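Participant: Okay, here's what each chain looks like letter by letter:
6 protein chains.
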Amino acid sequence: MANRILWINPVSEVVAFDRPVAEFINSIKRSDTQVDVISLKRGPMHLNYYYYNALILGDTLHQVKRAEKEGYDAAIIGCFYDPGLREAREITNRIVIAAPAEASILIAAGLGHRFSIIVASDKCIPKMYENVVNYGLINRLASFESVDLEVNDFQKDKTETMRRIHKAAERAIHEKFAEVIILGCTMEFGFYKELQEELKIPVIDAIVAPIKYAEFMIELRKNFGWGHSKICSYKSPPISEIKEWKLSDQYPDMKGLW
Amino acid sequence: MANRILWINPVSEVVAFDRPVAEFINSIKRSDTQVDVISLKRGPMHLNYYYYNALILGDTLHQVKRAEKEGYDAAIIGCFYDPGLREAREITNRIVIAAPAEASILIAAGLGHRFSIIVASDKCIPKMYENVVNYGLINRLASFESVDLEVNDFQKDKTETMRRIHKAAERAIHEKFAEVIILGCTMEFGFYKELQEELKIPVIDAIVAPIKYAEFMIELRKNFGWGHSKICSYKSPPISEIKEWKLSDQYPDMKGLW
Amino acid sequence: MANRILWINPVSEVVAFDRPVAEFINSIKRSDTQVDVISLKRGPMHLNYYYYNALILGDTLHQVKRAEKEGYDAAIIGCFYDPGLREAREITNRIVIAAPAEASILIAAGLGHRFSIIVASDKCIPKMYENVVNYGLINRLASFESVDLEVNDFQKDKTETMRRIHKAAERAIHEKFAEVIILGCTMEFGFYKELQEELKIPVIDAIVAPIKYAEFMIELRKNFGWGHSKICSYKSPPISEIKEWKLSDQYPDMKGLW
Amino acid sequence: MANRILWINPVSEVVAFDRPVAEFINSIKRSDTQVDVISLKRGPMHLNYYYYNALILGDTLHQVKRAEKEGYDAAIIGCFYDPGLREAREITNRIVIAAPAEASILIAAGLGHRFSIIVASDKCIPKMYENVVNYGLINRLASFESVDLEVNDFQKDKTETMRRIHKAAERAIHEKFAEVIILGCTMEFGFYKELQEELKIPVIDAIVAPIKYAEFMIELRKNFGWGHSKICSYKSPPISEIKEWKLSDQYPDMKGLW
Amino acid sequence: MANRILWINPVSEVVAFDRPVAEFINSIKRSDTQVDVISLKRGPMHLNYYYYNALILGDTLHQVKRAEKEGYDAAIIGCFYDPGLREAREITNRIVIAAPAEASILIAAGLGHRFSIIVASDKCIPKMYENVVNYGLINRLASFESVDLEVNDFQKDKTETMRRIHKAAERAIHEKFAEVIILGCTMEFGFYKELQEELKIPVIDAIVAPIKYAEFMIELRKNFGWGHSKICSYKSPPISEIKEWKLSDQYPDMKGLW
Amino acid sequence: MANRILWINPVSEVVAFDRPVAEFINSIKRSDTQVDVISLKRGPMHLNYYYYNALILGDTLHQVKRAEKEGYDAAIIGCFYDPGLREAREITNRIVIAAPAEASILIAAGLGHRFSIIVASDKCIPKMYENVVNYGLINRLASFESVDLEVNDFQKDKTETMRRIHKAAERAIHEKFAEVIILGCTMEFGFYKELQEELKIPVIDAIVAPIKYAEFMIELRKNFGWGHSKICSYKSPPISEIKEWKLSDQYPDMKGLW
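Residue numbers (the working numbering), protein chains in the order written: chain R, 1 to 258; chain Z, 1 to 258; chain A, 1 to 258; chain V, 1 to 258; chain F, 1 to 258; chain W, 1 to 258.
Next comes chain R alone, as it looks inside the complex (with noise of 0.2 Å):
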């Protein structure tokens, strides 16, 4: 049977990404897996700063914990700050959680010994800094590189794009010894493979790396009961309390889910 995956891209669905994403995917999944994209029904069209992230962070959570119920296997938070990523593994027992920046450094840790991240704007940096602090990481980084574009303009100009974010790339490589480029945006999608054939070192797609990623995960729980671990950081809060104080009568969206 086919695993379902759902893709939240976590912006206002105004953005209209659901498409040219889903497209992306379907040319990159494995066969067997389905994969739906979705946007939010309000929200900012971007996430380059915290309150845009603060603005989406109940409905992303909402949207997962209601894929788990509708029996997806995974559900992937479709933006490289990964807004909710613990949070999501918290408040879900059986799905698998993945996000871009987690799953594209650590695929990046298994192909080259330090890896840098290409971003929008130095904007993105202390936050997505603190992300691979948190994430144990820290030390195999190599750098930062903005390419300095607004995110929505990634896919507009795509000779300009990718000329900047090869130019940052050199920079990350011989400069600061980096031997893996990670593009850190879902935005950036599709411009690894002829980055990667023109700088001769692996370029991890923000799209790809947690579509294989989930994918992968996936696997390892339905075969080895692999799942999130549920005590202490990922430990859920009791669906007793949560009925108790009423919060689906509070929260709009969360009806039906607890």
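Note that these hints are calculated values from the structure, not bench results. Only a predicted model underlies this, so the values are computations on that prediction, with no experimental measurement involved. Just so you know, not all the hints are guaranteed correct.
[To be verified] Listed next, the stretches of chain A that the computed footprint assigns to chain W, with coverage defined by at least 3 CB atoms under 8 Å from CB atoms of chain W: (1) 33-44; (2) 55-67; (3) 130-144; (4) 242-254.
[What the hints assert, rightly or not] Cut-off 27 Å, straight-line C-alpha distance, at most; resulting in silico cross-link-like pairs (DSS-like, lysine-lysine): (5) V/243 to F/41; (6) F/158 to W/222; (7) R/156 to Z/243; (8) R/29 to R/193; (9) W/167 to F/230; (10) W/158 to W/193; (11) A/200 to A/167.
Cβ atoms here follow ideal geometry from the backbone N, Cα and C, with glycine treated the same way.
Take the given structure of chain R and dock chains Z, A, V, F and W to it, following the hints.
Facilitator: Okay, now just chains Z, A, V, F and W, sitting in the frame of chain R:
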């Protein structure tokens, strides 16, 4: 003119802690400080799960932003997880933002070399540990010590609470070389006094610390212009973007804020 | 077409673990994976000393190189010390190289925040600790726990082995806040299943992990070109140099490899 | 009643900075604070060598102890190397001890994520770096930047000083991601105001910071009993021992202190 | 020609340790080394407080400088806190400066992977810990272990001292994985021999180590010109400045030194 | 009686460096030291790849073990990668084992605060970096600087070599605050003298350092019993095991060693 501080209990107002918290704050604030205490219209009763932190994040930030618009000099996010601390600094321009954990450890850092934090349960540790790492002071941390109590039970059987905190503090002092004790939950308020008389070392109260810290930071901002830096980490999202995306129409409590 | 993996037990074939290891692997590999298991023609019976690791290093690397020449898609160096992992990636170009410790901790990193590794004896710890440091994940390590057993006794009195591992795991969970357990010796294979049912947290098997990881990495290489980076750390020695120096005439088992 | 602070310029009184420093302090202290400024009877003119720090250490500590005996509420050791900070806390019981570097970085830590320190010359860096490590905040340090000036020249050609600091700060902001600037020498006093107007980020003055910090700590001690912890690091030597050894007869300026 | 070393007991000569220390040193020095042992004219009887370290700092440095002038090849500051080590290297040009803690851990580093330091009491730990951090070897430290003894009691009831050190060492070996033991007080001299016979691992004596290290460094300086680097950290203060300020008139024991 | 040291060039004897290396060593050793220099019967001509290190590992260790049997007091593994350093300490009981990188950085640590290592090419850095981390001194490392030369070219055009090293050292000193320079390849031998006259800071030679360090450690072992600790990290494999497995029959050069 009085300095005005808004203390936000980032939990449901049903918990009904506003009054005791306000009374306690009034007993420790400077005479020229005026503090208002509020809770949220909706939300969980405590924040001991990532998910609960996520649920209250948006509402809390909007209360903070509202506080700035209403002329408060500082807003304090009254939970030891410091939920939304960076986000709040990002979306405001003028107001001081404080929170218990950051304020407590910055104060403790000037009082002794190593500090221990007494927490409600083991579940608190991963996120709080991460906060101490991100605040940069992990090398000053002696230990976390759990008293294995529900947050909302701290103020019920005070003798038992006292007994447990005392025992945990002794452990921290004698086995982990702690020189300062931090009571790592706002619901542990008030116990510091008796404890520090017994232990003969400073015991930081998680309500006193952020109130005093906020008064201090207000003075620094008013007299020396030392407010939260608005480049890089705390750079605000552009209002034009927020308006263009009509975010206020999407998030009910955002009305009139931007 | 099937993916072909060579599992190398980097110890003397006299140990005669090939058959049980092969049987176990066949029970957990993907159906489209074909795994061959070999040992070395010569060598010690276990690798619990630096010296034994050194003795088998050359022969193991040449088996890896041979595997590449024979068209294998991956070679796994089947010992939790990961002997020759970097060397093997350096001398190959196309093949995936995996090893138990790296694979296990990269998998564990996505399952819980902190992991503990159950090892045979204290002597194992210094080198394994160093590996975890070099892999960059030391901040995710909760502890090493020794069961004080000879490597080759793990599969003898299984009840006693189980009892000891269980006890060590409990210590890791309750005293060191481990959220995932890694069985840090390939000879601990098979125990994970019962253990994780009892402990209710993921228990990583040191044979399953690298097999699954290798299958994963093969897919990434075949479909996305993500192979081990060949600059800096894993840059290959020039064949011209190897030929000029006539190294193949000097090391008997190097014949025909370069 | 007014809080009394003693500011000790730990250099020879021949330098004659007491008056300008006192004037500056009087312009920034709270109205209910009274500050006296003194220098040492003997000593070097600046402290930019370990040796000079060593020379003034005893005399400075005795001034601190004297301040405690004379009823001061705080003593500030007015040099950015913070000479004798721990020693002073060790030998006193009641009085607040503050110093520029510690106060500045604790304040900076609440204002932005990373701070840079502008120092007189490269020679300053090793010891100050060590201080930041020992204060536990090295991960918040963006960089040290030298302006290559003699300490006692800062206040001479103010335009040139300003030009150099400005240039160093720009470097810190644009190349090292500093979000807060600290002027790492008390002789850089007064420049912060104009600088922060130009740079649009907080610029910490090394005299204002410890004065404000001392006022803050006095309040904490008086109202909440939060003084320097007297176990372990700052535990005082026993007076009985000091008397028995007749130390006061041996060190002239120790007379009457113990 | 004999190499001349000055061992400075940086405590009051009233302690009267010069003779036993000299006898011990004469039993362990090279035959072509000549060692003189002195104490200070004034000072405390031990240095177990920051303050006592501060009191003796100036006098100790001047003894060091005097030793250089008198043609000694090395000066050793004979206390495990290494007071004035950097300062002494800063003010001298030709002479080797050594101290017990630095010498002991550099020697231990070549003998085993992790070392533990046996100290008199818990009060010793914060400063010594800081030294190990500043020397850069904190990751090799297994632990500090306290024997809870007064420094000046070590040589009184030797059986009891031995018993306590032995017990502390066993704890370090079996619970903290120490592979080398360092006796972290010069007053523990002489015990190493019997201890290492019992423990079967190297036990570093805090007097032997700096003597041997000094002999070693003298040879390196004489034959290869490898003396303390005089840029940055140990750059000397300009003599012109010292003369211009007439420092020698101000500090009695500085007469004739500059 | 003379101390006997065996210097092992762990490369093929075809390289023919034994004579110049021996001559150089004879010019710098103590008069009561006798040094023999050998190379391997087989092997690559340099070790700038992990693989080459692996190839020579077994033969090198057996030479070390043989040296112990033949009564040498120390064996030095003469390559800056320190191949087999820990392994050699593990399999021997009495003999001192030294290697260039460890010896050089332990010596440098006493000469200045931060050191830079001048290496042949960027490829050297990852493994050497790892060594510095494992030796525990990474916080004292200012930088690695590459001169982009083949190892075996260092002694060819000496003027060009000198020019490149000089330039790299200047970069280390002025841009990375290095206070000591280490020549990170044994083939850079002899250049230190002129360099340190020009640079005015200590320049460590990678042959002098381990020779002197070995002489030092021999003295410590002979007079004080301070040999490599034989618990945990360097605990020897049991000879009974080695015999039982008949390893000597399997590895030709192991004959007669166990």
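Participant: Evaluate each hint against the coordinates.
Facilitator: We went through each hint and held it up to the structure:
no.	hint	result
1	33-44	holds (count 3)
2	55-67	holds (count 4)
3	130-144	holds (count 3)
4	242-254	holds (count 5)
5	V/243 to F/41	17 Å, holds
6	F/158 to W/222	26 Å, holds
7	R/156 to Z/243	23 Å, holds
8	R/29 to R/193	16 Å, holds
9	W/167 to F/230	20 Å, holds
10	W/158 to W/193	13 Å, holds
11	A/200 to A/167	14 Å, holds
Of the numbered hints stated above, none is contradicted by the structure.
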